[in-house]
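First to last, the sequence lines map onto chains A and B. Count the first sequence with our numbering and you get residues 1 to 156, in order. Count the second sequence with our numbering and you get residues 1 to 204, in order.
Just so you know, the hints here were simulated from the structure itself, not pulled from any lab data. All C-beta atoms in this analysis are idealised placements derived from N, C-alpha and C, irrespective of residue type, glycine included. There may be inaccurate statements among the hints.
Footprint (simulated), chain B over chain A, 3 or more residues, beta carbon under 8 Å [stated by the list, open to error]: (1) 20–31; (2) 38–45; (3) 134–140.
Computed far set for chain A versus chain B, every beta-carbon distance over 12 Å [what the hints assert, rightly or not]: (4) Phe65; (5) Leu71; (6) Ile80; (7) Ala126; (8) Leu127; (9) Phe143; (10) Tyr150.
Over 10 Å on every C-beta distance to chain B, these chain A residues come out as not near it, computed from the model [said to hold, decoys possible]: (11) Gly16; (12) Ala119; (13) Thr125; (14) Arg144; (15) Pro153.
Okay, here's what each chain looks like letter by letter:
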Amino acid sequence: MPDERMPDELDDYLRGSSALSYQYRRESSPLPPHALDRMVLEAARPEPLESKKPFKTQSLAPFAFAASVLLSVALVLAIIFGPQAKKPDDKPRVVQVRMFKSEPPRAALVSARERNPAAWLADITALRRAGRRSEADVEMRRFRSAYPDYIIPINQ
Amino acid sequence: MLLLTMEPQDTDAGLMLRYRDGDAAAFAALYAHYKGPLYRYLLRHVRNAGAAADVFQEVWSHLIATRARYEPRAKFATFLFHIAHNCAIDFFRRDLNLRRAMPVHDPDSQLLEPEVPEHQRPDRVAEFDEQQSALLAAVAALPQEQREAFLLREETGLTVEEIARITDVPVETAKSRLRYAVRKLKDSLRPIQEPEALPLRTYA
Chain A
1 MPDERMPDEL
11 DDYLRGSSAL
21 SYQYRRESSP
31 LPPHALDRMV
41 LEAARPEPLE
51 SKKPFKTQSL
61 APFAFAASVL
71 LSVALVLAII
81 FGPQAKKPDD
91 KPRVVQVRMF
101 KSEPPRAALV
111 SARERNPAAW
121 LADITALRRA
131 GRRSEADVEM
141 RRFRSAYPDY
151 IIPINQ
Chain B
1 MLLLTMEPQD
11 TDAGLMLRYR
21 DGDAAAFAAL
31 YAHYKGPLYR
41 YLLRHVRNAG
51 AAADVFQEVW
61 SHLIATRARY
71 EPRAKFATFL
81 FHIAHNCAID
91 FFRRDLNLRR
101 AMPVHDPDSQ
111 LLEPEVPEHQ
121 RPDRVAEFDE
131 QQSALLAAVA
141 ALPQEQREAF
151 LLREETGLTV
161 EEIARITDVP
171 VETAKSRLRY
181 AVRKLKDSLR
191 PIQEPEALPL
201 RTYA
């Protein structure tokens with residue numbers, strides 16, 4: 001009976017004393033080619049692989065966490081104390097800035113008469129003759145500030 | 001302690017632990033010890049020199065790539081040959097898909113012949129065939145699972161339980177595969193082992 005002999009065969013074989021194992025061990029024992037040896041041993045060198053990675057991915061995790069916390073805190077502080085948040089007692093500060101160009105400040109706003117100093121002086125003379133001295137004085141001060149170098153004739 | 005989980009005799013697991021921690025010399029020692037059995041297992045299992053070389057390199061590459069996760073839960077030989085088993089399974093799967101993808105030869109077709117992979121080149125197949133003795137030819141003729149069980153036993157000396165673990169089957173299945181392999185090999189070799197006596201020639 002074939003089934004009855006199988007356990008004996010297997011046990012005999014597993015004991016390592018069978019003719020089958022003996023014959024198998026007498027067979028040639030080929031080895032991998034030397035080129036294959038070199039390739040595997042070259043690939044197994046761990047040092048170059050590690051030197052290319054100065055930081056392991058896991059080692060950056062604490063820094064990433066700390067950066068996240070810092071950013072979160074900064075964002076919260078910016079929302080609470082930032083420039084958009086106005087307190088009720090805050091008063092707006094008005095700062096007046098006056099910018100001067102090469103021409104006097106009134107030069108841009110003056111009328112056509114004031115751009116003509118002779119005409120402006122004629123008007124001032126007319127005001128004096130009409131007895132409106134205070135107005136004539138005001139206009140003269142304006143004239144002086146506008147044309148500080150203008151030589152006014154003596155009769156003005 | 002980590003080392004307590006492995007068998008005291010398994011110095012190979014200790015070498016692998018050293019390699020995991022960066023000792024390249026430990027890998028060289030492991031490689032020198034296992035390259036022969038692993039290469040012969042693959043050569044006689046996939047039955048092709050080129051394919052065996054490819055899978056051999058694949059096995060070691062996998063071990064190298066995953067060394068950081070190595071824990072000695074079993075004998076190192078079991079660990080290594082489990083990788084080899086999986087790589088061989090992948091090879092057989094790829095090979096089967098390749099054969100299926102090859103178009104049926106049509107003499108009228110003007111299409112170019114598909115590129116033949118290295119392991120299927122006729123010279124590489126012949127190289128393997130020429131090395132075969134009667135026993136190796138009988139081993140090569142075994143069904144894939146029986147052939148693997150026999151080769152694992154012969155090349156590594158592992159127990160049936162360890163062979164079952166490597167091949168991911170119950171112990172009884174591994175035992176059955178080995179039993180059938182042994183029986184077939186013995187039957188195929190019997191005529192060679194016990195040749196009939198030739199009649200003496202008589203000359204008048």
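A quick look at each hint next to the structure:
1. 20–31: holds (count 10)
2. 38–45: Holds, because 6 residues of the stretch 38–45 of chain A bring their Cβ atoms closer than 8 Å to Cβ atoms of chain B.
3. 134–140: violated (count 0)
4. Phe65: holds, 23 Å
5. Leu71: holds, 32 Å
6. Ile80: The claim stands: A/Ile80 keeps its Cβ more than 12 Å from every Cβ of chain B (closest is about 46 Å).
7. Ala126: Holds: least Cβ distance 103 Å, greater than 12 Å.
8. Leu127: holds, 100 Å
9. Phe143: For A/Phe143, whose nearest Cβ neighbour in chain B is about 92 Å away, the distance exceeds 12 Å, so it holds.
10. Tyr150: holds, 92 Å
11. Gly16: The claim breaks: A/Gly16 does not keep its Cβ more than 10 Å from every Cβ of chain B (closest is about 8 Å).
12. Ala119: holds, 96 Å
13. Thr125: holds, 103 Å
14. Arg144: Holds, because the least Cβ-Cβ distance between A/Arg144 and chain B comes to about 91 Å, which exceeds 10 Å.
15. Pro153: holds, 102 Å
When the structure is compared with the earlier hints, violations turn up for hints 3, 11 and for no others.
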